[in-house]
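Chemist: The primary structure of each chain is shown beneath.
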Amino acid sequence: MDKEPEREVPAGETVYEALKKRGVSRRDFLRFCSMMAAAIALPSVFSSRIAEALDAAKKPYVVWLEFQDCAGDTEALLRASKPTVADMLLDVLSLEYHETIMAAAGRQAEKSLQDVVRGQKGEYIAVVEGSVPVKDGGVYCCIGGRAASEIVREVCTGAMVTIAVGTCATYGGIPAAEPNPTGAVSVQKAVPGTPVVNLPGCPANVENITATIVHFLTFGSLPPLDAVGRPLFAHGKRIHDNCERRAHFDAGQFARRWGDEGHRQGWCLYELGCKGPETFQNCPTVKYNEGTSWPVQAGHGCIGCAEPAFWDRMTPFYKRLPPPPGFGVESTADSVGAGLAAVTGAALAAHGIGRLLSGGKKEGKES
Amino acid sequence: MQQKERIRVYTWEFPVRLTHWVNALSVLGLSVTGFYIGNPFMHAVSSSEYIMGWMRFIHFVSAYALLMSVAVRIYWAFAGNSYASWRAWLPLTGRQWRNLVGTLKFYLFMSRKPPRTIGHTALAGLVYLFVFGLFVFEIVSGFALYSLTHQGLLWTALGGWLTGVMHLQTIRLYHHLAMYVIAVFVAAHVYIAWYLDLTERSGLVGSIFSGDKFVTDREWE
Chain A
1 MDKEPEREVP AGETVYEALK KRGVSRRDFL RFCSMMAAAI ALPSVFSSRI AEALDAAKKP
61 YVVWLEFQDC AGDTEALLRA SKPTVADMLL DVLSLEYHET IMAAAGRQAE KSLQDVVRGQ
121 KGEYIAVVEG SVPVKDGGVY CCIGGRAASE IVREVCTGAM VTIAVGTCAT YGGIPAAEPN
181 PTGAVSVQKA VPGTPVVNLP GCPANVENIT ATIVHFLTFG SLPPLDAVGR PLFAHGKRIH
241 DNCERRAHFD AGQFARRWGD EGHRQGWCLY ELGCKGPETF QNCPTVKYNE GTSWPVQAGH
301 GCIGCAEPAF WDRMTPFYKR LPPPPGFGVE STADSVGAGL AAVTGAALAA HGIGRLLSGG
361 KKEGKES
Chain B
1 MQQKERIRVY TWEFPVRLTH WVNALSVLGL SVTGFYIGNP FMHAVSSSEY IMGWMRFIHF
61 VSAYALLMSV AVRIYWAFAG NSYASWRAWL PLTGRQWRNL VGTLKFYLFM SRKPPRTIGH
121 TALAGLVYLF VFGLFVFEIV SGFALYSLTH QGLLWTALGG WLTGVMHLQT IRLYHHLAMY
181 VIAVFVAAHV YIAWYLDLTE RSGLVGSIFS GDKFVTDREW E
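In order, the protein sequences belong to chains A and B. Counting in my numbering, the first sequence runs from 1 upward without gaps. Counting in my numbering, the second sequence runs from 1 upward without gaps.
Read the hints as simulated data drawn from the structure, not as lab findings. One thing to keep in mind: the hints can contain errors.
[Stated by the list, open to error] Just the calculated beta-carbon pair ranges, DEER-fashion:
1) B/Ile-74 - A/Gly-326: 41 to 49 Å
2) B/Gly-133 - A/Glu-290: 46 to 54 Å
3) B/Phe-209 - A/Glu-330: 24 to 32 Å
4) A/Ala-341 - B/Ile-74: 24 to 32 Å
5) A/Lys-189 - B/Ala-24: 43 to 51 Å
6) B/Ser-46 - A/Thr-157: 22 to 30 Å
7) A/Thr-100 - B/Leu-134: 33 to 41 Å
8) A/Pro-43 - B/Ser-46: 18 to 26 Å
The beta-carbon is built from N, C-alpha and C at its ideal position, and this holds for glycine as well.
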């Protein structure tokens, strides 16, 4: 760890020491490091580099903010049947503030947030879940009498790095969907100019959250991001291209209705509106809940939850294409096409008949 | 019908005819396969089939053909004869405007004869400009969708940049809808070619194969 920048975190144990105290063996620790190397798409030789980094890294302070959200990302993090990779890391993070799971309440809770924000300025990781309403002075989401837009600005500008988790925090998500009554915006928009990693998904995949933190602890930098701020290791590939049902797509085998023969056979869900062809996430390979399953494996098409404006643009979820504007919600592109074809056919036929009639008359006159 | 002396005029040069037919065939191929890709109406019975795979292959190959063809035709709009020139696609002169009005009147049964024209009528020129705009949109939006899996500078330049401007589903929708507009054009185009040929007796339909049109003395002047 020659280039690893020394962080001035107050006396505390390292990540590995904390894990050891919790009964994690060296072997499990190294296995975790290998998994993380795989998750951030690094060659296996980097697992030792990650291990070295975590051996030395001080437990980072983390504050977890929740605004306009459903706590789904928190749920995803906590609901695990056995100690998970994420547990391992989150147990060793100094999670100083998390409204859903912290014991402290009221002034005491707000004080612990202030302690980190004031005392550890530039040294803590801010994780934000939920969108930030900015309409009407931000009155639609207030915590301890302060607007979310004010809290997020204070916490994120002082953070070492901000990780936006879930589609609401990354792109506004459902609160920002039309007509967006609260003026909900993403963390990036609420705190312009601050480095933010976007980990969208509904919920965000815990493995990707963990891997992003590990990348940061190992290299002291953010992983490479795509055009909408998502780590390429998690969002660089299209779901459709890694889908376990892709062979059925290429063959031309499609489930056409829920519960039909094709659906029972596990054929491609394309005709049932699967948005895998327009969604970029590593769901097919990493899956959810410790690799248990993911929507397509469970027989339901992707709804594109990791993409910006998914609630407005990926709907209707069970149709291939959105309705053409100006033709009513229920019309589809094909029925508009059929209408156009009918109008054209009628116009041409009318023209042909018109010519026959007028031509006949003319010839009659001339002769 | 008309017994007047006719003059053979070499109207459509080889690149014009070639690109016309490459356009026609690739648009046909793209429409059929594109319709299947958007709405897979045939279903494979065995997983050893490759229907969607072939449809997409034909779609992509035809797309490259259309791209080349449109590029050549645009070049020829500057390098070719006066009938192929970009000037024939825009009503820039008073003569073209009179031609435009005359053509419209003829199609609406308001006059008996079409205005004397050797190359495109001014109306046809405008419509072709619109259709080429549609071709360009289909090419750009098509390569935008193609760039989702083919990440690289070429695909970004050809269409990938569009994904930063429009949502993927919006691109897909308009890529699909534009096909119907092109189909409407094809139907009208074939009908009008046949109809004008009957009226003018200029060998219009044959001219896109041979390049030659047969016009009366008066038209030639």
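Chemist: Each hint: holds or not?
Modeler: Cross-check of the supplied hints:
1. With their beta carbons about 31 Å apart, B/Ile-74 and A/Gly-326 fall outside the hinted range of 41 to 49 Å.
2. B/Gly-133 and A/Glu-290 have their C-beta atoms about 52 Å apart, which keeps the hinted 46 to 54 Å range intact.
3. Here the CB-CB span from B/Phe-209 to A/Glu-330 is close to 45 Å, at odds with the stated 24 to 32 Å.
4. Taking 24 to 32 Å as the suggested C-beta distance range, the pair A/Ala-341 and B/Ile-74 conforms, at roughly 29 Å.
5. Checked against the given bound of 43 to 51 Å, the beta carbons of A/Lys-189 and B/Ala-24, roughly 48 Å apart, stay inside it.
6. For the hinted restraint 22 to 30 Å between B/Ser-46 and A/Thr-157, the CB-CB distance of approximately 59 Å leaves it violated.
7. Restraint check, A/Thr-100 to B/Leu-134: a C-beta distance of roughly 53 Å breaks the suggested window 33 to 41 Å.
8. Between A/Pro-43 and B/Ser-46 the beta carbons are some 39 Å apart, a value that contradicts the proposed interval 18 to 26 Å.
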